[in-house]
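The primary structure of each chain is shown beneath.
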Amino acid sequence: MRTLKEILKAIGLGDLDVPEMLVRGPAKLSEATNQDLSFLANMKYENELYSTNAGAVLIPFDFQPAQEVSAHLIRVDDPHTAIAKVLELYSKVERNYGVHQQALIEQNVQLGEHIYVGPFTYIDEHASIGDYTTIAAQVYIGKNVSIGRNCDLHAGVKIYNNCVIGDNCIIHSGTVIGADGFGFVPQKDGSYNKVPQTGNVVIKNNVEIGSNCTIDRATMGSTLIGNGVKLDNLIQVGHNAEIGDNTVVAAQSGISGSTKLGEGCMIGGQVGFVGHITIAPFTMINAKSGISKSVQQPGSKLNGIPAFSFNDSLRSQSIYRKLPELQKRLSEIEEILSLHRK
Amino acid sequence: MRTLKEILKAIGLGDLDVPEMLVRGPAKLSEATNQDLSFLANMKYENELYSTNAGAVLIPFDFQPAQEVSAHLIRVDDPHTAIAKVLELYSKVERNYGVHQQALIEQNVQLGEHIYVGPFTYIDEHASIGDYTTIAAQVYIGKNVSIGRNCDLHAGVKIYNNCVIGDNCIIHSGTVIGADGFGFVPQKDGSYNKVPQTGNVVIKNNVEIGSNCTIDRATMGSTLIGNGVKLDNLIQVGHNAEIGDNTVVAAQSGISGSTKLGEGCMIGGQVGFVGHITIAPFTMINAKSGISKSVQQPGSKLNGIPAFSFNDSLRSQSIYRKLPELQKRLSEIEEILSLHRK
Amino acid sequence: MRTLKEILKAIGLGDLDVPEMLVRGPAKLSEATNQDLSFLANMKYENELYSTNAGAVLIPFDFQPAQEVSAHLIRVDDPHTAIAKVLELYSKVERNYGVHQQALIEQNVQLGEHIYVGPFTYIDEHASIGDYTTIAAQVYIGKNVSIGRNCDLHAGVKIYNNCVIGDNCIIHSGTVIGADGFGFVPQKDGSYNKVPQTGNVVIKNNVEIGSNCTIDRATMGSTLIGNGVKLDNLIQVGHNAEIGDNTVVAAQSGISGSTKLGEGCMIGGQVGFVGHITIAPFTMINAKSGISKSVQQPGSKLNGIPAFSFNDSLRSQSIYRKLPELQKRLSEIEEILSLHRK
Chain H
75 MRTLKEILKA IGLGDLDVPE MLVRGPAKLS EATNQDLSFL ANMKYENELY
125 STNAGAVLIP FDFQPAQEVS AHLIRVDDPH TAIAKVLELY SKVERNYGVH
175 QQALIEQNVQ LGEHIYVGPF TYIDEHASIG DYTTIAAQVY IGKNVSIGRN
225 CDLHAGVKIY NNCVIGDNCI IHSGTVIGAD GFGFVPQKDG SYNKVPQTGN
275 VVIKNNVEIG SNCTIDRATM GSTLIGNGVK LDNLIQVGHN AEIGDNTVVA
325 AQSGISGSTK LGEGCMIGGQ VGFVGHITIA PFTMINAKSG ISKSVQQPGS
375 KLNGIPAFSF NDSLRSQSIY RKLPELQKRL SEIEEILSLH RK
Chain Z
75 MRTLKEILKA IGLGDLDVPE MLVRGPAKLS EATNQDLSFL ANMKYENELY
125 STNAGAVLIP FDFQPAQEVS AHLIRVDDPH TAIAKVLELY SKVERNYGVH
175 QQALIEQNVQ LGEHIYVGPF TYIDEHASIG DYTTIAAQVY IGKNVSIGRN
225 CDLHAGVKIY NNCVIGDNCI IHSGTVIGAD GFGFVPQKDG SYNKVPQTGN
275 VVIKNNVEIG SNCTIDRATM GSTLIGNGVK LDNLIQVGHN AEIGDNTVVA
325 AQSGISGSTK LGEGCMIGGQ VGFVGHITIA PFTMINAKSG ISKSVQQPGS
375 KLNGIPAFSF NDSLRSQSIY RKLPELQKRL SEIEEILSLH RK
Chain C
75 MRTLKEILKA IGLGDLDVPE MLVRGPAKLS EATNQDLSFL ANMKYENELY
125 STNAGAVLIP FDFQPAQEVS AHLIRVDDPH TAIAKVLELY SKVERNYGVH
175 QQALIEQNVQ LGEHIYVGPF TYIDEHASIG DYTTIAAQVY IGKNVSIGRN
225 CDLHAGVKIY NNCVIGDNCI IHSGTVIGAD GFGFVPQKDG SYNKVPQTGN
275 VVIKNNVEIG SNCTIDRATM GSTLIGNGVK LDNLIQVGHN AEIGDNTVVA
325 AQSGISGSTK LGEGCMIGGQ VGFVGHITIA PFTMINAKSG ISKSVQQPGS
375 KLNGIPAFSF NDSLRSQSIY RKLPELQKRL SEIEEILSLH RK
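Respectively, the protein sequence lines represent chains H, Z and C. Once you know that position 12 of the first sequence is 86 in the working numbering, the rest is easy, because the numbers rise by one and skip nothing. Once you know that position 280 of the second sequence is 354 in the working numbering, the rest is easy, because the numbers rise by one and skip nothing. Once you know that position 202 of the third sequence is 276 in the working numbering, the rest is easy, because the numbers rise by one and skip nothing.
It is worth saying that the hints were derived from the structure and are not from the lab. No incorrect hints appear here.
No copy labels: a pair is met if it fits in one copy or bridges any two.
Straight line, CA to CA, 20 Å or less: simulated EDC-like cross-link-like pairs of lysine to aspartate or glutamate:
{"hint": "1", "residue 1": "Lys375", "residue 2": "Asp319"}
{"hint": "2", "residue 1": "Lys396", "residue 2": "Asp386"}
{"hint": "3", "residue 1": "Lys118", "residue 2": "Asp152"}
{"hint": "4", "residue 1": "Lys268", "residue 2": "Asp241"}
{"hint": "5", "residue 1": "Lys396", "residue 2": "Glu408"}
{"hint": "6", "residue 1": "Lys334", "residue 2": "Glu120"}
{"hint": "7", "residue 1": "Lys118", "residue 2": "Asp151"}
{"hint": "8", "residue 1": "Lys278", "residue 2": "Glu105"}
{"hint": "9", "residue 1": "Lys278", "residue 2": "Asp319"}
{"hint": "10", "residue 1": "Lys262", "residue 2": "Asp152"}
Sequences and hints are given; from them, build the entire structure.
Structure follows, in structure tokens:
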């Protein structure tokens, strides 16, 4: 166990004056004991502050508790950032090194230093793996795939041939990178001919991709995932789509073929984009929206199926609920005016 | 083949008086031969009763056929339950035992009695597997994972370290348990820093989870799946979410981080829940709904994006379709009142 | 490199009169060099034609450029079909043969000629694999599975026992065929009993299925995927569902149990179908729609949640956005008529 003082010092808050206290680790307000360090960042949980058993709690600098709090309060600029650093401190780095003897690596594969390759993983010819990269069990790396430094590929990731992944990327289990895009040419007899998908997927640096996502290779050229992009789970990215730097996408959203998202966008869960459109940088899209045309204005906030301005959509939503009442008012007016409706 | 009498006896209906008949097995009305036992539970299929070739059909106790039926009719309280028991009877229990020599089990793993571990499966250190549990091929079991008795993990399931699974659970292929939750802290330069996800996933007893689901580990503490929960395919469960006992969720629904579903809820397909809300027990949510706030009232029925009362939503839906007519009526009134609109 | 003349001849356009030119390969307008052959099929990209560096461009027969074009223009009936053939020509067939020594094949498996089976793939008893079929690494093939000729199963595909796959099928990574359908019988104590799923999945010929799809086995009988069906990624097909010949379904759509789609349907992304309905042939459904009842009329076009006629739905959508204005107009009328509302 470390003292509270040591922890704060380790996360860059060494000048704070705190009581002597041993800390077992970070914990949520509702679960913390008096040996735990907790935090309050989202004010939805303010009430938990008043009943928590935590020994100490990180709170926003300007927050004034409305009731008495038993925990020692530590005021910081951003409790989210501070607790993240505490978690980092406590997340044990339990890392394996070496190529497991039950991994299978074909000829002409270039392996960096200090890598790990787990059992039942298969790396095909002419692939290259950068230094410090960890590849867990049961991963498939196709021919000519290039993976950068310090990446973390979890169990069962599948990467088709010719795809390129940058440095410091994390890819979670079950995600498939570089499968064929969905391209077919209709024939006169009603059947479809496959359009060969000869491009690849290029993923830049510092990207994290969740579990069971599917990112298709381009028909020609590359499907592109920019620097710092964060994708949640079960996300579909179609062929030739592009996602700009630092854009984040929540779970179960889908980006159709050839659509381009600008940088810094925030996309909610279960959102869908049609193909061949362009989304301006810093666009924010509410969960479950359907985006049917390009967004020109950077920083737009959109909602709905099809989506339009977020604020306007809230107004329409609100009246939608009152449609029965509106209809009734209309009928009353018609009665007054002696207009007869069936 | 068994006689019809034997089958009914085996499923607890031995006192029914039925003709001598050999039964090949259970079959749907439309596909049954005169050696098959079929059933009518959903009245949508009533017409198939009148044309079926089935030798015998399980029907509801109080059902009166509107036409002649060639099959022998067997009246039971609940044909669904009865046919399920027949299926049980006929589902051959073809079970392997032992640890396959091409499975790889690290040191300090605790293996129960009568288990099966398939080829290319990897079980990491300090995991434990309960008695009678079956783990198919190509499964990944991380460090310190605990799996209870009589579970069935299908090919390719991935379970990250420290997760806990109870007894009598079934997990289908491709499902990922315990990948990192989607947590990031925005930085001033527009990039995001990862929040380490140090918690786990706890799955209680008698849970069934379909294929290619993703259940993320908690940031701190546990993501929790209650006793008897049934999840369909391609379902997302975010970090620190909780699902109450006996709640069922249909395919492609998503539950965002820290949201808590009560017990006995029924959730349709492609439903989405925002994060940090609480859903009362026995809530029923229609397919494709978006749940944007907490539900207080147990037994609520909801529909829509965002969702509101099911019955009210049907009224709004119905008027939504007539909006062009409403607009026209409004314009006519304005004309009568000599209000000029562009 | 081939000459342009050679390429056109190889794709059946040998009688066109073109200049002498060496072609490196196919490329998109925006990325092509003067040694590349490009195409213009979607008029959204017309502007790229005027700035492209491509040496030659396939264009529709009747297209008249509005500006000068530096590339040589080649007029064809259907640029999409033509470029697909060029891609075919250039997609290197890099195929492995033989059973990898780290594949594991149980007894009584029937293997065709000229097949490939990759490392860490497991094929269980009594399965059969047709001639020229390629099975990549880490695939699971259950007992009694039958796979036809000339199929391509990518890394990590999982096929449960007794399923049947026809000829010329492509199945991408992570897809799960034949997991249990979602069938439970509610008990009086609020829990659910599993209905054994004893049927299978039957996939006909020339089917392509994307990544991480889930196609459940039937309770009894078969879940059926017709000839020439094309499924994108992350698609759910419930137990006993049927998809007619040449129907295409875009990513993240879900078809609930026992629902039957006719032939030649086109289903957008993120569409949901409730269970036990029938969809007429050639139905077209817009992305994100929810289909709550059967569609009788072949060739119907539908949109919305729940879906109705596509054209009508566009009208309602358009007025939905103007609901605040409509409400205001209504209030004005009430004021004129001295009707007082709160």
